[in-house]
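Engineer: If you want the building blocks of each chain, they are given just below.
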Amino acid sequence: MSTFQDFPIRWGMVIDIDKCTGCGACVVACNKENNIAPQENQLQRIAGKGFPTRFKKIEWLTIYELTDGSDTAYLPRPCMQCGMPSCVSVCPAIATDKNENGGIVSQIYPRCFGCRYCMASCPYHARVFNWDQPVWPEGMEKQLTPHTSVRSRGVVEKCSFCHHRLMYAKDAARVAGEDPEKLPDGAYVPACGEVCPTGAITFGDVKNPEHAVYELVRSPYTFRLLERLGTDPQVYYMSKRAWVRLQGDNYLANEEAQAGEGGAHHG
Amino acid sequence: MNRRTFLSFAAGAGAGLMITPIPWKLTDDISIWTQNWKWNPKVPKRNVFFAEMASKLDPAGTGVRVALVDGVPVGLASSQDHPLSGGGVSALAAAEVGLLMSPARVRQPLVRTEAGLAPISWSDAEALLAEKLGRAEGDVAMISGDDTGTANEVFAALMHRLSGSFYMMPGEAQSAHKALEKLGGEGHLAYDIEGADYVLLLGADALESSGTAVRNARAFSQSHPSGQPATAKYVYAGPVLNNTAVVCDQWIQARPGAAASVALGLAHALMERGATARANGLDAFRRDVAANYSPARIERETGVRADTLRKLAAELAAAKRPLVIAGSEFGQGAGARALMAALGLNAMLGRINVAGGVKIVPEAPAVVQGAGSAASRYSADLVPFLKKLAEGKASAGVLMVYDANPAYALPQAELMAQAVRRAGFTVSFSSFMDETAELADLVLPSSMALERYDDVYTPYGAGQAVYSLNRPLARPAFDTRATADVLLSVARRLDIDLGYLAFKDVLRAKAEALGADWKALGRGAVWTSAATTELVPDLSAAAAPAPRAQGEGLLALAPVAKHNLGSAKVALPPLCAATVRGSDLMVQMNAKTARQSGVAEGQAVRLSGPGGEMTARVHITEKVMTGVVAAPLGFGHTAWDEYSRGLGDNAYKVLAAADDPETGLSVWSDTRVNIATA
Amino acid sequence: MDRALWPEGVERCSLGKFLLWLGACGVVFALGAYEAIMILFPDGLARTALDNYFGFGLWITFDLAVIALGAGAFFTGLLKYILDIKELEKIVNLTVIIGFLCYSGAMLILALDVGQPLRSWFGFWHPNVHSMLTEVMFCITCYLMVLTLEFVPNILENRKLNQIPLLHNIAHNFHYVMPLIAGIGAFLSTFHQGSLGGMYGVLFGRPYILRDGFFIWPWTFFLFVLSAVGSGPCFSVLVVKLMELLTGKTLVDWNVKRLMCKIAGTMLTLYVFLKILDTWAWATDVLPRSGLTWDQMFNSELGYGVGLLWAEIGLGGILPAILLMVPKFRNTPALLYTGAILSCVGVTINRYVFTVQALAIPVMPFDKWYDYVPNWAEWGPSLMVVAYGFIVTSLAYRYLPVFPQEVALNAKPAPAAPSAPAEAEQPA
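Chains as they are written, first to last, in our numbering: chain A, 1 to 267; chain B, 1 to 678; chain C, 1 to 428.
Isolated chain A (complex conformation) (with noise of 0.2 Å):
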């Protein structure tokens, strides 16, 4: 296994999942900021030449619903931008990399072939694969934002935590005179974090004391997912209930008891 830099910088996005309602609002900015097409036109194509569309659409961050049986949770997963990323050893051609400041997991389309290694490879089931060319209702081809590119039929593509708005963020800061290295606690926030109505996606350096995540990530509440497979993810989640925090991670019988109590991992 190779190893990774460890950045100066290490971009953390911290969701309270006691926040989420699940109302949906991160998806559709999300969606709509990386130009991901509405995917019913693009299940109907498939399934209207006859084939199978079960897990086929396109979506970079999921919103998952927990349950312990009587309570109920949402989680939002976007790329959890693995400290250890499990996708970029595997890449044949090295279309996706760890290798700025921040930890950002890159994902170059014109680089990937399609091969599919590494979405076999991440447990968090992080990447899609375009099965089909990309396919816009008429007009919506119009509305595309000039941040990311569209991706054609045969690459895999993931959620970037909004690279995009880092790299505008940088300018700003240049221009403003100011050390794009040292960005102000909110000057870079990707877009599911800005519209969340409930505030439940904070996002900025773990390492700087003087973002709201850093204390965010020490608190005894935070957990992150699959932690013990050795992924160090960038993307923590916080509950102050012990069954959504347990259900973070894969516990044996004997283990529950501990584990319960949340740990306090952080990068």
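If you are wondering where the hints come from, they were derived from the structure by calculation, not from laboratory data. Misleading hints may appear alongside valid ones.
To be verified - For lysine-lysine, the following DSS-like pairs were computed, each having C-alpha atoms within a straight-line distance of at most 30 Å: (1) K49(A) <-> K42(B); (2) K57(A) <-> K592(B); (3) K45(B) <-> K57(A); (4) K592(B) <-> K240(A); (5) K142(A) <-> K45(B); (6) K45(B) <-> K25(B); (7) K42(B) <-> K25(B); (8) K328(C) <-> K262(C).
Note that the structure is a prediction, hence the values are computed from the model and not measured.
Following the hints, put chains B and C in place on chain A, whose structure we already have.
Structural biologist: Coordinates of chains B and C only, in the frame set by chain A:
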């Protein structure tokens, strides 16, 4: 040739080929071709500019910033400073930009011919409408679903001049106006939710589909800092663990439509503790509460246990700044009762006219003569009128519908559609080919909010007076016009002078009347005012017994509104289709209810209620209280486009409205249904 | 009619009958090729039953299985040219053809399986030194070239072609360098057989297939090599047997078949022993440290039951090892072939569970099991490759001197002359 020469030749040819451009150019070309297939759309490469707008689609009236590239709206960002958003954007508002190009948009005026709806020019259409209105001689009705715009003044004024009737679509805003009127007040009910330290939501889906949901969500967020102890307690009382309840600190299971009863039960418990109120009509109120709303009775009727009720009352009494917000669980049908009862309860808690409580924001000054007051515009009850129209007991020579879909989003939806058909000449101003437009004789498509001048004044629930102005941010994508302008023009054809040439002038007058700076508004600034009117409520009618439940079935029906699935006005927007789960389409009940009803997970069932039937599959979840079946609203469309047409079934069909002569607003929030396997 | 093209001294069926046979294979080929073309051009991979949960499916299973079964090529080559086991000379040509077909077929399927086949060369131009798949790509491509080089001389030895002096010379000279080529082939093959296993063993996001290992090589690296050599020679023997059944001739004598199976059996025994150890280590270490239990790795309702594991190790491992190692069993043709078939089945199950079951298992606690059933768009091209194999093997059998023993094994006793004393000839 021998082996050596052959091998040398082969090696030489191979090496030679490598130093020609051929293999390198070819591979380079291939990698470029594979990025640039002609059939994939290209993204624009220009700068993004942002312009402020208040969402007309989202009843929360959220302020947003529209991202524009070369004059084309490409996305929505949040507006940090807007008092109604504080930076949040709901799923519905986020989809507004994508709706601009929705396949359901009506692209030009249409008139009904034998062969269906056919294109017609704007001038011909206006002439036709003017003729019909002229000949109708007062047998004219107009329905508006726009709860926040000054356009209603133009419409109401026109109706007044034509001696016709004006109706607002039923909803929380109408309920609020009526409730306030019954209690002797006037203006807008405002909730200072940011200032409260204990928020009790009785039915009202305040963080998702009711009132200023985004602002409420922000207030909730501020009081619940991640990882820290909360600084306010949010409690939701209702039948379903909906989007609001799932994050509230406590969910109290209460049957559908029980908001008024629970509020009065709490009043009873408070009275037991000796509380009193600064209000008139207290004796009548006390009498009614004591007679009809004992905790034991509440437990029987609403499912809220007596001890839970008393505990809740104790918490309310102990809180420094409690606030009770009541309403329908699904945005309509609660009539005025829930709000009247909640005002009574708030009065008992001393939370009227105070910070962190309920305030009264004055109505905006009217600028169109003959428009009447907001309260008067909300006074007529639409559903009984449409029922009579459908049954032939009333008539409408011309029926005009603006920003509403009565043929779909009202109880007994099929009967409502009949009413639309029976009107002499129906005109729909819808931007989309909705169920009402499909039945209309004339469709005069309204430009969308992004494409027209419009305004938002203090949406229901806003904590203070708020005024936003929208300018057109994009050229109309299709041949559409702002309806207010169209009707001003039609009025002129009828020699009716409403005092303004264009709707923009109406808005300018409104801004002036409010004392707002027109130029600043045009730049996206928001006008606010902390001015309130004092209310000393007259509680004599607040606790009068309410109409009984509709229907004879064994299960209580809980319609659920989730705005990512659409609203009463708009079907599932294309950009929101991604958020639909399989279980969203299903009727939901818990395991115990399913056992009692003899149904299993995934089974196809038919729900029959007083208004009609619907079919769906069953999903078993503990998010629904026992004895209740939850049905999603927003499915079962028969018009619109491929995103929504034919998906699921319409739960509005099952509901039926009951008259409530005391308040003058019919109710349909307590419906009983039966379930059978389909 | 094409007698002049046949190898010396052999008999073949009529050209008409042969063309009919090719036609039948061609129909299967064409049906599969149609799917392949529809995928490559209008429909893309949307045509298949693959999806975001099952990015790998039938084709990867098929590829891994045929590559494992084609291991007879490198292993036989290694044993013959490097370890000089002369007996294997009798079958090495066929194993090379099988290897060539397995690898070229796998490449065809891979070209179909990737989303952008025109960009496949990116794996060579922008290689990721940390990825097992890079290693696989390089080695498989080089090895296919090696197999081609090993196949070429056989082609040039066609009776007509061999008459051309240049071609005869080339073929002759190839034989000099064959040990070198075989050695390179063995090296490449070991590495990519292993890397294919390594591809799975390194996935620390999938505890079902994750393994500890030696330095950068997970145990699956070694297990895949061993399972390949434990079944590849068996597959070669089965192909020969099938050819004998279809042609009615004896192509390779019993001793060679037995030897191949004994070699495979030895490797299979070693493999099964290590596989059991590995499974135990995985169950007692990898799984618990991921917080998972044995039962969570299996789901019989969806067809991923623990029965598959017992079938793989028991029916497809221990049983064939016994059948092939115990001389009494090995000497009984019915049992030998049974053992060979079971060995091939075992390695196929192994490749299947590592590919498909691994992806069916939920890792996030709130995720679910899903099942995967390939559709005709995937079966078609797979069968197309099988048909391709049949066609090329048939052509090679008809026109190339693949089997050195064929003439001797099928010599008919001379017809008794009425007057001259009959002289019976014994088969060699």
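Engineer: Each of the hints needs a verdict: does it hold here or not?
Structural biologist: We went through each hint and held it up to the structure:
no. : hint                : result
1   : K49(A) <-> K42(B)   : holds (26 Å)
2   : K57(A) <-> K592(B)  : violated (35 Å)
3   : K45(B) <-> K57(A)   : holds (27 Å)
4   : K592(B) <-> K240(A) : holds (28 Å)
5   : K142(A) <-> K45(B)  : holds (12 Å)
6   : K45(B) <-> K25(B)   : holds (27 Å)
7   : K42(B) <-> K25(B)   : holds (24 Å)
8   : K328(C) <-> K262(C) : holds (12 Å)
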